[in-house]
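J.: Letter by letter, the chains look like this.
Number of protein chains: 2
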Amino acid sequence: MSEPDTKRPRSSADAPYELIYWPTLPGRGEFVRLLFEEAGVPYTDTAQELDPGAAASKVIDLVSPESGADIVGPSNPPVLAPPALRHGDLVISQTPNILLYLAPKLGLGPRLGDSDGDDNIAALHLNQIVLTLNDGLVAEMHDTHHPTAVSLTYEQQKPEAKKRTRHYLDERLPKFLGYAQRVINAKTSGEGPWLYGGSLTYADLFLFQCVDGCLFAFPKTMAKLRESGEYDAVFKLYDAVKERPNIKKYLASDRRQAYGQGIYRHYPELEEE
Amino acid sequence: MSEPDTKRPRSSADAPYELIYWPTLPGRGEFVRLLFEEAGVPYTDTAQELDPGAAASKVIDLVSPESGADIVGPSNPPVLAPPALRHGDLVISQTPNILLYLAPKLGLGPRLGDSDGDDNIAALHLNQIVLTLNDGLVAEMHDTHHPTAVSLTYEQQKPEAKKRTRHYLDERLPKFLGYAQRVINAKTSGEGPWLYGGSLTYADLFLFQCVDGCLFAFPKTMAKLRESGEYDAVFKLYDAVKERPNIKKYLASDRRQAYGQGIYRHYPELEEE
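Protein sequence lines correspond, in order, to chains Y and E. Heads up, the first sequence is in the numbering used here, so the first residue is 9 and it goes up one at a time. Heads up, the second sequence is in the numbering used here, so the first residue is 9 and it goes up one at a time.
Hints were generated in silico from the structure; no laboratory data involved. Errors might be hidden in some of the hints.
Computed from the model, here is a short list of chain E residues facing chain Y with C-beta under 10 Å [said to hold, decoys possible]:
| id | residue |
| --- | --- |
| 1 | G48 |
| 2 | V49 |
| 3 | T52 |
| 4 | T140 |
| 5 | R174 |
| 6 | H175 |
Here are a few chain E residues that face chain Y, going by a calculated C-beta distance under 7 Å [as the list claims (entries may be wrong)]:
| id | residue |
| --- | --- |
| 7 | L120 |
| 8 | N128 |
| 9 | H154 |
| 10 | A157 |
| 11 | Y162 |
As the structure is a prediction and not an experimental result, all values here were calculated from the model. Glycine residues also receive a C-beta, built at the ideal position from the N, C-alpha and C atoms.
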């Protein structure tokens, strides 16, 4: 591939990490925050550094066709939706993509080595696991309360939400938790409670946050699924992440935001039979 | 990260590429096929090599909790859904992940270099573009005809499909085509009609297939959007890919399957006001 005309961005090792995300909810930004928190690496976070109005404006300006290009600069393609990460001159978006970039830098995933090398295969396997969890436990979870349109409120699509949620809780949630269980039980998971390679990676932090969100949104269903014993490895991993010293401190801090109008919402009526 | 107990898979340069995907529709497998076809690199394809029943059985066995582990072998984590790619001992899934692996091998994307290097940034930018197109023009497109449950037929969720499609065509489709237009018009796209870096990459093949699918599914809406002139760069890219000699040959061949019961479906009633 030929080089683009513009100078490629370089992320300096000394540059600060800046997370740009909506305020007042954990949302997709949380999957990024957990890496910094586990690694004990400083980062700025629009949701923490600015008041909610200013943080929201910053996100809106970033994704706006008018102002977005100036904000990302000439060496990055436009960003359609948050979260975004700024690191030096680099601005990237899409949660699994941000994690792919950060994980090796924070010791939470293999380096992206030569494309024929061993490390690359581990990185691709981890990316595969995270993309699958993201499909089922983030994107599909979001659509339980927004099955018709993101431009409508939940209240404007309640009958459709009720139908979609019933199928989600009966079919999809067990399917994706069962997938996570299979990954943990596979030979590739190695020793310990983790998904892959015998030590904690960003995929484990990702699954932790998915399970935590599901426990908040659908507590009765999750209690039944836990009691079934079929997902023991998943809940064991969840508990193990929760007890990591840095994660424990983070969850008790005011940096950990309460669930609100994000992906994981608790509408008790959606869980009723 | 420590090494897993099991031997890591190695993909041999001499090993054949094997695509495992549902027969009788282009589906998500098409995003993989287009790379091989453009590059002129041989591959096997369950949808082509086997009769439909045998091809479907092969996919079902791969994703089954009972037989899947044996099929992927001890050095790969389980696969939840097709497409999957086998290359030597390696088996990977998730469309954007398969493309990330294949693109540098087929000359359709930068090598995944050192994580601080320039090439990695280009790979991450391309991955970001593909993940965004995948969200809006594949996953959300699929849900226009399946807004309630994948376990139900379209006919069982027609009223919900009608509502979701209206919002999709009015709000989401223009949003994502507008995003593609902005990417092509950004400085990072370089010379020529392409999305990134001044030459054809796998992201361009991805966008081509999205637009082709949308043209099939919603011809009236796409005609209006084309006529608006707001997405000229997108349609120019679409036309440019379609005229690539290898792609042109492929589209005229019987390897290119007709649209059917996949992501892109043409239900005329969904497009009516």
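J.: Each of the hints needs a verdict: does it hold here or not?
T.: The hints, checked one at a time:
The criterion of a C-beta within 10 Å of any C-beta in chain Y is not met by E/G48, whose closest approach is roughly 17 Å, and the hint is violated. Taken as an interface hint, E/V49 does not check out: its beta carbon lies about 15 Å from the nearest beta carbon of chain Y, beyond 10 Å. Here the hint on E/T52 is broken, as its CB sits about 20 Å from the closest CB of chain Y, past 10 Å. Hint status for E/T140 relative to chain Y: holds, with the closest Cβ pair at about 5 Å, below 10 Å.
The beta carbon of E/R174 is positioned within 10 Å of a beta carbon in chain Y (closest approach about 8 Å), and the interface hint is therefore held. About 4 Å separates the beta-carbon of E/H175 from the nearest beta-carbon of chain Y, less than 10 Å, and the hint is met. The criterion of a C-beta within 7 Å of any C-beta in chain Y is met by E/L120, whose closest approach is roughly 5 Å, and the hint holds. The closest approach between the C-beta of E/N128 and any C-beta of chain Y is roughly 6 Å, which is under the 7 Å cut-off, so the hint is satisfied.
Against a cut-off of 7 Å between C-beta atoms, the interface hint on E/H154 is violated, since the closest Cβ of chain Y lies about 10 Å away. The closest approach between the C-beta of E/A157 and any C-beta of chain Y is roughly 4 Å, which is under the 7 Å cut-off, so the hint is satisfied. At its closest, the beta carbon of E/Y162 sits 14 Å from a beta carbon of chain Y; the interface hint therefore is violated under the 7 Å criterion.
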